[in-house]
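Q: Here's the letter readout for the chains.
Protein chains: 2
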Amino acid sequence: MIKIAVDLMGADKNESLLLSGVIDAIKENKELFVYILGTEEVLSPILKEENVNPDQYEVINCSDVVNNTDNPMEVFRTKADSSMIKGISLCSKTEDIEAFVSCGSTGALMVSSMMILRPLCPTLTPVLLCELLKKNGEYICLSDCGANLDCPADKILSFAKMGSAYMKAKGVENPKVRLLSNGAEDSKGTTLIKETNKLLRESSLNFLGNIEGSTVLTTDADVIATDGYSGNVLLKTLESGTTTVIKEISDYAQTLEGEEKEKLEAFASSLTKKYDYNTQGGAVLLGVKKPVIKGHGSATGDTVLSIIRIAYTLAKNNIVDKIKEEFGI
Amino acid sequence: MIKIAVDLMGADKNESLLLSGVIDAIKENKELFVYILGTEEVLSPILKEENVNPDQYEVINCSDVVNNTDNPMEVFRTKADSSMIKGISLCSKTEDIEAFVSCGSTGALMVSSMMILRPLCPTLTPVLLCELLKKNGEYICLSDCGANLDCPADKILSFAKMGSAYMKAKGVENPKVRLLSNGAEDSKGTTLIKETNKLLRESSLNFLGNIEGSTVLTTDADVIATDGYSGNVLLKTLESGTTTVIKEISDYAQTLEGEEKEKLEAFASSLTKKYDYNTQGGAVLLGVKKPVIKGHGSATGDTVLSIIRIAYTLAKNNIVDKIKEEFGI
Chain B
10 MIKIAVDLMG ADKNESLLLS GVIDAIKENK ELFVYILGTE EVLSPILKEE
60 NVNPDQYEVI NCSDVVNNTD NPMEVFRTKA DSSMIKGISL CSKTEDIEAF
110 VSCGSTGALM VSSMMILRPL CPTLTPVLLC ELLKKNGEYI CLSDCGANLD
160 CPADKILSFA KMGSAYMKAK GVENPKVRLL SNGAEDSKGT TLIKETNKLL
210 RESSLNFLGN IEGSTVLTTD ADVIATDGYS GNVLLKTLES GTTTVIKEIS
260 DYAQTLEGEE KEKLEAFASS LTKKYDYNTQ GGAVLLGVKK PVIKGHGSAT
310 GDTVLSIIRI AYTLAKNNIV DKIKEEFGI
Chain Y
10 MIKIAVDLMG ADKNESLLLS GVIDAIKENK ELFVYILGTE EVLSPILKEE
60 NVNPDQYEVI NCSDVVNNTD NPMEVFRTKA DSSMIKGISL CSKTEDIEAF
110 VSCGSTGALM VSSMMILRPL CPTLTPVLLC ELLKKNGEYI CLSDCGANLD
160 CPADKILSFA KMGSAYMKAK GVENPKVRLL SNGAEDSKGT TLIKETNKLL
210 RESSLNFLGN IEGSTVLTTD ADVIATDGYS GNVLLKTLES GTTTVIKEIS
260 DYAQTLEGEE KEKLEAFASS LTKKYDYNTQ GGAVLLGVKK PVIKGHGSAT
310 GDTVLSIIRI AYTLAKNNIV DKIKEEFGI
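Protein sequences appear in the order of chains B and Y.
For the first sequence, my numbering gives the first residue as 10, with consecutive numbering after it.
For the second sequence, my numbering gives the first residue as 10, with consecutive numbering after it.
If we strip away everything but chain B, and leave its shape as in the complex, we get:
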């Protein structure tokens, strides 16, 4: 049995809607146990009505919620009864809970995870990574995608290692790592990028060199290492490019009629689903003692199902041990 904790509060959608993802996850996986953090009187009746196996979950009632307007630096001290802080504390205290899932405030979740769960070792800076679906249907992991803005070269090297460990936990053997730069050659990049390139060349990672923004969705690589600022620019700009062209398709469909119009609208919707990096999956905080998976604030039941699957896979494949191996901890 793999045990995880899931926080259903603080997102845009209400708890009962997000709960549908938990129910689907439990029903498809007999090896999963979920501590569900939320409002018991809302959640328990639904779980009973849906005949969810009571041996696979426990509802933990929470009387407070972390909001997006709360100061991320303070909630771990001031909101002990919130679903987020109660969930992270439970993970910290309970050895056999292996991952935490939440769609609440990103800042609060990151700070609280670092303060309560603590880094795997004192010198390790946790990283926020996410996966991008490439055109060929494979995923590439972007590490860091926004947590660490001012980074020296050795930190970016550690993001590459955690990205590599993540892809190993997802079943990729010897993940191919690339470094984001403004040119493919080793000689290209800022002073920081050139230093990082050198560290990556000297490391035991399967480092294939630099990558430019133009080829992130077509490259034969598994991990893009970068500082959190550039990673965030990359992630959001990709969204800008894909959504703008998808909107062009929708606009064009309006000039058509009948079946031709319907087919093209359906095609545009399928692309939105494929390339919507915000809602399709989650960002993963690694480098703290247990992996923390963050769903987007606008998450639906499907998103919750999807990020619980990620949490399960990471736990099942011992992501924490894989990270320790990379760092020789």
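None of these hints come from the bench; they were simulated from the model.
Hints should not be assumed to be uniformly reliable.
Any copy will do: because identical chains look the same in the list, a pair fits if it lies in one copy or spans two.
[As the list claims (entries may be wrong)] With a cut-off of at most 16 Å between alpha-carbon atoms, the simulated EDC-like pairs for lysine to aspartate or glutamate come out as follows:
hint, residue 1, residue 2
1, K143, E248
2, K144, D260
3, K197, D159
4, K270, E37
5, K185, E211
6, K298, E194
7, K144, E248
8, K12, D105
9, K331, D90
10, K272, D260
11, K283, D260
12, K197, E67
13, K143, D260
14, K36, D285
15, K143, E194
16, K179, D90
17, K185, E335
18, K185, D163
These figures come from a predicted structure and were not determined experimentally.
Given the coordinates of chain B, work out where chain Y should sit on it, guided by the hints.
A: Okay, now just chain Y, sitting in the frame of chain B:
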């Protein structure tokens, strides 16, 4: 009469093909005079055959060419007879030539322009900027898009000023400036971004705050200020996003038949043209004594026409004076 110099060598396409853009530019604009740098025996017969007004051009024969494999740091010393160096030198020596256009090696063009044309004042760092076509058909200027990788805050402020001067020369009154960051709030960003935000707030520019990558093609702004590294990541990632989705449309079109298929293929082609930032226009080097407009290596006659129009507009509207005004030079 506005005089500019155009280098037709060193690009992927041959001189006679690129010349068609020069011929179109001259024929559409009686106020334009072009010094054409290339192989006289190739160019002169075509210009005569096409009945181009001999009062609007002069061919300057060049016996050497700058290649992409040449060391950018050396060509301004070693290739004096190349079309690029001869053209830049001509601009430097001839007061009434107001702009230089080339589709040759970017690195060589930038270094040679800085060495021969020289910065407008010793403390000014030249910037490479480009325009992005937004979904609504308006343009936004990205400054810097790749020339200056390691930048302190005051340099990014100067890129904002040159971007603003550029948009003024293009007819935009009081251009709206935004700063690329990982969040819209002033408090978001790296230490560098926060410092730059402060300088922009204190400046006389029409600064509207930070912008995230996700809204670059939909924002109500005219200039995005950024360091050259992040600007380059943004530019290339945008390309990745748009071309990936356009390729999806082309693939989908192959599953259709007859007129429906043809219409969708034509639609995909129109989008490629609209969102291909590499070939649609040029990057502009500002901050040297005369503007230098760089077409992509894969430029066609249409690209040359398009970048000559930019050069003409910048010269006609006194871009150099507008930059001097911004900096109080």
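Q: All the hints need checking, so say for each whether the structure fits it.
A: Structure-based check of all given hints:
no.: 1; hint: K143 to E248; result: both (13 Å within a copy, 14 Å between copies)
no.: 2; hint: K144 to D260; result: between (23 Å within a copy, 11 Å between copies)
no.: 3; hint: K197 to D159; result: between (20 Å within a copy, 12 Å between copies)
no.: 4; hint: K270 to E37; result: neither (36 Å within a copy, 40 Å between copies)
no.: 5; hint: K185 to E211; result: within (15 Å within a copy, 45 Å between copies)
no.: 6; hint: K298 to E194; result: neither (36 Å within a copy, 31 Å between copies)
no.: 7; hint: K144 to E248; result: both (14 Å within a copy, 14 Å between copies)
no.: 8; hint: K12 to D105; result: within (7 Å within a copy, 76 Å between copies)
no.: 9; hint: K331 to D90; result: neither (33 Å within a copy, 59 Å between copies)
no.: 10; hint: K272 to D260; result: both (13 Å within a copy, 14 Å between copies)
no.: 11; hint: K283 to D260; result: between (19 Å within a copy, 15 Å between copies)
no.: 12; hint: K197 to E67; result: neither (53 Å within a copy, 38 Å between copies)
no.: 13; hint: K143 to D260; result: between (25 Å within a copy, 15 Å between copies)
no.: 14; hint: K36 to D285; result: neither (26 Å within a copy, 47 Å between copies)
no.: 15; hint: K143 to E194; result: neither (22 Å within a copy, 31 Å between copies)
no.: 16; hint: K179 to D90; result: neither (34 Å within a copy, 57 Å between copies)
no.: 17; hint: K185 to E335; result: within (14 Å within a copy, 47 Å between copies)
no.: 18; hint: K185 to D163; result: neither (19 Å within a copy, 38 Å between copies)
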